[in-house]
Amino acid sequence: MQLSDLELDLLRILQKDARISSESLGKMLQVTPEEVETALTRLEKDHILVRYSSIVDWSKVEGHEGVTAMIDVKVAPKRGVGFDEVAHRIYRYKEVKSVYLMSGAYDLSVTVEGRSMNEVANFVSEKLSTLDSVLSTTTHFQLKKYKHDGTIFGDVHEDKRIVVSP
Amino acid sequence: MTTKTSYVAKSVENLKPSGIRKFFDLAANMEGVISLGVGEPDFVTSWTVREAAILSLEQGNTSYTANAGLFELREKIARYMRDGYDLRYDPNSEIIVTVGASQALDISLRAIIDPGDEVVVVEPGFVSYVPLVQLAGGTPVTVETKPENGFKLTAEELEDAITGRTKAVLLCSPNNPTGTVLEQENLEEIAEVIRRHDLVVLSDEIYSELAYDRGHVSIASLDEMRNRTIVINGFSKGFAMTGWRLGYICAPEEIAVPLLKIHQYAMMCASTPAQYAAVEALDKGMGDVFEMKHSYRHRRHYFVDSLNEMGLVCHLPGGAFYAFPSVAKTRLSSEEFAEKLLLEEKVAVVPGNVFGKGGEGHIRCSYASSMEQLQEAVKRMKRFVENHS
Chain A
2 MQLSDLELDL LRILQKDARI SSESLGKMLQ VTPEEVETAL TRLEKDHILV
52 RYSSIVDWSK VEGHEGVTAM IDVKVAPKRG VGFDEVAHRI YRYKEVKSVY
102 LMSGAYDLSV TVEGRSMNEV ANFVSEKLST LDSVLSTTTH FQLKKYKHDG
152 TIFGDVHEDK RIVVSP
Chain B
1442 MTTKTSYVAK SVENLKPSGI RKFFDLAANM EGVISLGVGE PDFVTSWTVR
1492 EAAILSLEQG NTSYTANAGL FELREKIARY MRDGYDLRYD PNSEIIVTVG
1542 ASQALDISLR AIIDPGDEVV VVEPGFVSYV PLVQLAGGTP VTVETKPENG
1592 FKLTAEELED AITGRTKAVL LCSPNNPTGT VLEQENLEEI AEVIRRHDLV
1642 VLSDEIYSEL AYDRGHVSIA SLDEMRNRTI VINGFSKGFA MTGWRLGYIC
1692 APEEIAVPLL KIHQYAMMCA STPAQYAAVE ALDKGMGDVF EMKHSYRHRR
1742 HYFVDSLNEM GLVCHLPGGA FYAFPSVAKT RLSSEEFAEK LLLEEKVAVV
1792 PGNVFGKGGE GHIRCSYASS MEQLQEAVKR MKRFVENHS
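So the sequences go chain by chain: A and B.
Just so you know, we're using this note's numbering here: the first sequence kicks off at 2 and counts up by one.
Just so you know, we're using this note's numbering here: the second sequence kicks off at 1442 and counts up by one.
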């Protein structure tokens, strides 16, 4: 879909900070807050703007550290539906945070989050591996999150500039 | 008993201390200050540029470079000036890499001024211009630009400042502190006066990457101007490299060759790791420059609209990252406004009077801060203006 400059600017700004008000966005882009709202509504309706979310570093929250695994899944594609059918079956599980079809050594890359390694292991052995078209799985647990979705974790941005300069 | 003679030269004793210093001292010791008083980008230098400097150190590039700078860098500067501003300079003899645009300015002034020569300086303007002219032995003649003209220098204003002793005109576009951009037609008018009086131009173009509306035009690119113009630019603002201290001079051979003598004796050469970083900046950093500019443009609109809404009348600055609103609504002087705003609302701005004639009654606010900070600053300033009008 072809987007206007306004819509493109809105998407770029909101992707970095979704909390900016329509009023401020209007000033930034020299349109009225109503025009901002109209553009956003259209982007939402067309599912281009899918969701406004936050990036949370759960590793800092006691009792909520959790584990994340990235699972390489090899599947046997089915005539007529290819990989889509098995992908649908996998992504409906709420434990599954992302599913990508990949080129290369395996077919689907599945990200699974759980409270413990055990929980993830159970999910893989009971749900994922038992699917008809799944041929094999290789599970990699994340040990530390350095950067996620363009954001560096643990790196608190500190303004190092002197307060007044010519 | 003899009276003790001063160890310090009169020319230095007579220099006015920078008016910014006072605000720095005041703001530096306060907690929770939102500073709009900063004359530099809020971005950190691109990683690719920083990484190039680290690599150059790992490879042991720790010796001097040629006086005029790494030839590779000068070549890239030549290409950048050609592609960006339609200017052609020979990297062998017409480009000198300096320690920031500040040193470029200093040695350029020293290269052209004989004792008593007058240099026309546009105000409100950068705080260093007048002192640097004085230190070079020249006489600054200041021209006050007017808010009703958007602080653009007019041909008549320039004409009025010129005398038989005028040697040069110091221009800065986009301007610090007003953000004013001299567009092609303004420059044509000014250039006509300059040609008629056969003057030299020092053109400080350090904010050239940050001209938001029609892009930057260098006065050197106009008819018969190249050979009388010293273009000063650098990496500080557009490339977010202030702390690297790297600038450059592009000037016709007739000026650049003698100018290099000063640089050679006074500085030897600019920092070598910084020069390697700059090579990378010109090679791979332009994408980031474009992105930063885009972000400043949005913030400029947000901030200037907000200022006007709260009654601090402000023209839309065409470039740099400064807004220069009038504080007339509050009936406070620039300094009173800045001081009270800092003490009452913890927002630091720079009083306009430190930028010379025509600055009184205005404040300089940098919008090179995150939107989050700007929104909070706007909230505080709005409350302040309501309390003082």
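Just so you know, these hints were derived from the structure itself, not from any lab.
These numbers were taken from a predicted model, which means no experiment stands behind them.
Hints may contain errors.
[Unchecked claim] Using C-beta positions, here's what the derived DEER-type ranges look like:
id	chain 1	residue 1	chain 2	residue 2	range
1	B	Q1500	A	Y94	46 to 52 Å
2	A	E120	B	A1469	47 to 53 Å
3	B	S1504	A	E159	31 to 37 Å
4	A	E63	B	E1499	50 to 56 Å
5	B	E1777	A	H158	31 to 37 Å
6	A	K46	B	Q1625	42 to 48 Å
7	B	E1472	A	A19	25 to 31 Å
8	B	R1655	A	D58	22 to 28 Å
[Said to hold, decoys possible] Only pairs whose alpha carbons sit at most 30 Å apart, straight line, appear in this in silico DSBU-like list of lysine-lysine:
id	chain 1	residue 1	chain 2	residue 2
9	B	K1734	A	K161
10	A	K61	A	K46
11	B	K1781	A	K148
[Said to hold, decoys possible] Output of the computed footprint for chain A on chain B, the stretches with three or more beta carbons under 8 Å from beta carbons of chain A:
id	region
12	1457–1467
13	1475–1489
14	1695–1702
Using N, Cα and C, we set each Cβ at its ideal position, and we do this for glycine too.
Results of checking the hints against the structure:
{"no.": "1", "hint": "Q1500/B to Y94/A: 46 to 52 Å", "result": "holds, 51 Å"}
{"no.": "2", "hint": "E120/A to A1469/B: 47 to 53 Å", "result": "holds, 51 Å"}
{"no.": "3", "hint": "S1504/B to E159/A: 31 to 37 Å", "result": "holds, 34 Å"}
{"no.": "4", "hint": "E63/A to E1499/B: 50 to 56 Å", "result": "violated, 41 Å"}
{"no.": "5", "hint": "E1777/B to H158/A: 31 to 37 Å", "result": "holds, 33 Å"}
{"no.": "6", "hint": "K46/A to Q1625/B: 42 to 48 Å", "result": "holds, 44 Å"}
{"no.": "7", "hint": "E1472/B to A19/A: 25 to 31 Å", "result": "holds, 29 Å"}
{"no.": "8", "hint": "R1655/B to D58/A: 22 to 28 Å", "result": "violated, 43 Å"}
{"no.": "9", "hint": "K1734/B to K161/A", "result": "holds, 21 Å"}
{"no.": "10", "hint": "K61/A to K46/A", "result": "violated, 35 Å"}
{"no.": "11", "hint": "K1781/B to K148/A", "result": "violated, 42 Å"}
{"no.": "12", "hint": "1457–1467", "result": "holds (count 4)"}
{"no.": "13", "hint": "1475–1489", "result": "holds (count 6)"}
{"no.": "14", "hint": "1695–1702", "result": "violated (count 0)"}
Of the hints listed earlier, those the structure fails to meet are numbers 4, 8, 10, 11, 14, in rising order.
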